[in-house]
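Asks: Chain by chain, the residues:
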Amino acid sequence: MPQPLLEVKDLRVSFRTEDGVVKAVDGVSFTLSPREVLGIVGESGSGKSVTMMSVLRLINDPNMLVSGEVLYKGRDLMKLGKGQMQEVRGDEIAMIFQDPMTSLNPVYRIGDQICEGILTHQDIDKPAARKRAVELLQQVGIPHAGSRVDDFPHQFSGGMRQRAMIAMALANNPDVLIADEPTTALDVTIQAQIIELIDKLKDDFDSAVVLITHDLGVVADIADRIAVMYAGRVVEFGAKRDLFYDPQHPYTWGLLGSIPRLDRPKASRLYSIEGTPPSLISPPQGCKFRPRCPHAFEKCMEEPELVSRVDKRDHLDRCWLDPATKRVTRYNTIEGGRAA
Amino acid sequence: MIQQGGGALGIGEIPIGPTWQTNYFIGADAQGRDVMARVLYGGRASLEIGIGSALICCGIALVLALLAGFFRGPIDALLSRLMDLIWAFPVYLLAISLATVLLTKPNGLQWGFVHVDPSSLWVPTAIIALVYVPYVFRPVRGQVLSVREKEYVEAAIAQGASNGRLMFGEILPNVITTVIVMLPLMIATTVLTESALSFLSIGVQPPKASWGTIIDDGQSLLYTRPWVAIAPGIMIVLTVLSLNVLGDGVRDALDPRAKLRMRG
Amino acid sequence: MAVFIVRRSIGLIAVLFAITVLTFLIFFATPGVDPTRALAGRNPTPETVAAIKHQFGLDRSLPVQYLLMMKRLFISRDLVSYGNQALKVVPAITSAAPVTFSLVLGAAVIWVVFAILTGVLAVILKGTIFDPLLMILALIGISMPVFWLGEVANLVTQDRLHNTFLFHWVPPLGYTPLTSNPWQWFLHLVIPWITLSVLYIGFYARVLRANLLDVENEDYVRTARAKGLSERRVLLKHMLRTSLITFVSLFGLDFGVLVGGGALLTEVVFGLPGVGKLTYDSLVKLDLPVIMATVIYGAFFITIANALVDIVYARLDPRIRPA
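Going down the list, the sequences are from chains V, G and B.
If you count by the working numbering, then the first sequence holds residues 1 to 340, one letter each, in order.
If you count by the working numbering, then the second sequence holds residues 1001 to 1264, one letter each, in order.
If you count by the working numbering, then the third sequence holds residues 2001 to 2323, one letter each, in order.
Hints may contain errors.
Not close to chain G: a few residues of chain B, all C-beta gaps over 12 Å, as computed [what the hints assert, rightly or not]:
1. 2026
2. 2063
3. 2072
4. 2074
5. 2151
6. 2284
Distance condition first, Cα-Cα at most 27 Å in a straight line; then the derived DSS-like pairs of lysine-lysine [claimed, not checked]:
7. 2237(B) <-> 82(V)
8. 9(V) <-> 202(V)
9. 131(V) <-> 2237(B)
10. 2237(B) <-> 126(V)
Simulated from the structure, these hints should not be mistaken for laboratory data.
Beta carbons are placed, not taken as given, at the ideal position from N, Cα and C, and that holds for glycine.
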């Protein structure tokens, strides 16, 4: 295994609120290798965005408590000073966000917003930065980049804005690109284009990518490894192939089953996970998925560790069920739906 | 107990200064009246006018905004233009114009059977209420327009609800919060406006007093008996400050936008 | 741009027309109000009243009276005051306007600078005791009647502390034109400037702070941070810049109202012979020609300010700039 580029160790993020302490991220650990694509999948509130925003220390909330280590090339980002952290952001680790409509400042030209990031981190003059901005816009597929560089965000369509965001993020050739639900706010036809673009550019720029999404279908194409998050924890973590063909956690089965498929009988095209995500203030005892899990048994009152339970060393999960039993029971969820 | 009046001063007598006795706590004015008593009684007029005009203003504005926002079309155009017209007038100039006209008639106003005495507190109350109507009308009308498009209103229309039920049953409860949030701030504004008009001697008319008229009286005594002007001003500052703080609190409690949003 | 100017001009004329008609009606059509009283002096004979009515055209129908007044105001420019026949209305306004301009301009500079400082400082110090402290100070500023504050300022600077080193430089109340003695002009206006600006500093600082805190939750501010910009740059270039859109539009409106006569309380308290004082004096004397002229002047500036705000707004917010 190569030396990890980014290593998150036991990250915990909680927020003090009037109702109690919300444990948004509860002991998340993972590694990211150079040029790797890591998918983080989970539903809203599972802590996937908070995890990655905490890596860049972008959450500015006086009621937030963070612990754990985020090692980037051996340096703990949590211990960096404000100025040092600013040097990392946008230069070594860049991030793009969910809603391109609101993520660009409406009062500045697209080109100026890209140049701003370049001038912050590189020692070049303004004309050179502008030239670079035009190149970047060409690379992300903006037609007539030379003139569109002077457009304001409202003159761009949603897909073009997300392309501009990607150009802005890649401006300083970062080692890690974090994409937080980059396609959620876009039209379905544009979604595939943006994913393809990220896939292509990660090779051009030699960057590793962390792709956050609630949609397993989005990461199916480009991810190398996938982490499934539930209620602030990773419940399953493994290579894409293993996760798709030998999923270990019932929550992952549910996610796989909820991808609509036309190659099945109508009654069993979709599976829906019963119930709602648990409260993060007073989570259920034991396995957090237990109240919604159709396969729960006595042992689930105890919290399972994230360890390998199958013959593959790097395929980890948090489920007490016996792997052999799982192979039988999961079939209904993934392939047959409830009706079967 | 502090009483109005006390002993009058004769010409040439030493002005009564602040004392620790119950009378003349902060001295007497040019006519020898106890300033503390005047400030306390004046406060009643100031508050009555302030609260009364703010309530009347919000009431009129709410009804007009409901009509304009609900019926739209020509009614909305007419009301909105009218409001723009009042809006284009600086508040103080309009209030002064109205006050001059209404207060300079020695016999008071006579409209049909309605007689209003010029020294009645209703005159400044009505004037102040009128000039601030556009300030409440505009935001409320905007809200009525947007609430009218909401699905629950559509649903009520689909059920065949009458215009009255739609306006007062469906739309009013959804815009009343805006008015409640504005009310304390409106009272703060109207109290200040009343004091300004009275200071220019076109608000509360003698023998009645308000904080504004007492400051006006105190202007000529400023260097000899400053407390006559200072005391009512402090009362205004404290009143308006508390109303503003209350307004902030009400807004934070009722306006969902002011609450912190959690990020997922 | 040409279309914009033409549309604005038509709007301006419409507003001026509506306002003059409204003013005219308030003073002429309200039952029981008789401008002849101001003209004829005490206890006039009926003949005098009739003669005066005829002389000023007050025996004509209302529309004719209105048109006559407008004609004398705009075309022959010889409209005179009812109270003082030697006082020509147009020169009276042109000599009062510079006083008001001097007062409002200086106060505006003070309030913009201090409001931005206070608002930004409050956001930087958020979470410490200084943020609520600054905001309470701002709230006190908003809660003070300007005429009362002016009187207290006069009490302190003209009397109680006038003979100390602090305020011995404060000249007596009144006004010295900039053209005759710039230094005296400045000294006469310092206290009025500060007095007038206190309210606006408080108001604008609060608006700015609230706006900055709103903007802080915007996605593009997060993007700016993710780019690795310094906190200072994020605050000044991204947050303050977008917050200024609201700030500037409010400023334009308030500035217009003040120049148009809204500063009358400050002018009255400090004995400044500005437009507000002129308006007030004419209002209490029911001196309709002066009232009409000052109201038109005021509405003119307010409408001009509105138009300027729209232009500046479009410069600041590219989303509404015509393509």
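Asks: Now, for every hint given, state plainly whether the structure supports it.
Replies: Right, here's what the structure says about each hint:
Non-interface status of residue 2026(B) relative to chain G is broken: a Cβ of that chain comes within 12 Å, the nearest being about 5 Å off. Remark: the non-interface label on residue 2063(B) is consistent with the geometry, its nearest Cβ contact in chain G lying 19 Å away (cut-off 12 Å). With a minimum CB-CB distance of about 21 Å to chain G, residue 2072(B) clears the 12 Å threshold, and the non-interface call stands. Its beta-carbon lying about 19 Å from the closest one in chain G, residue 2074(B) satisfies the requirement of being farther than 12 Å from that chain.
Once the 12 Å rule is applied to beta carbons, residue 2151(B) is inconsistent with being away from chain G; the minimum gap is 5 Å. Listed as outside the interface, residue 2284(B) is inconsistent with that label: its C-beta sits roughly 6 Å from the nearest C-beta of chain G, within the 12 Å cut-off. Annotation: proposed proximity of residue 2237(B) to residue 82(V) holds, straight-line Cα distance about 19 Å (limit 27 Å). With a C-alpha separation of about 25 Å, the suggested pairing of residue 9(V) with residue 202(V) holds against the 27 Å cut-off.
Our distance criterion of 27 Å between C-alpha atoms is met by residue 131(V) and residue 2237(B), whose separation comes to about 22 Å. Simply put, residue 2237(B) and residue 126(V) have alpha-carbon atoms about 17 Å apart, close enough for the 27 Å limit, and the pair holds.
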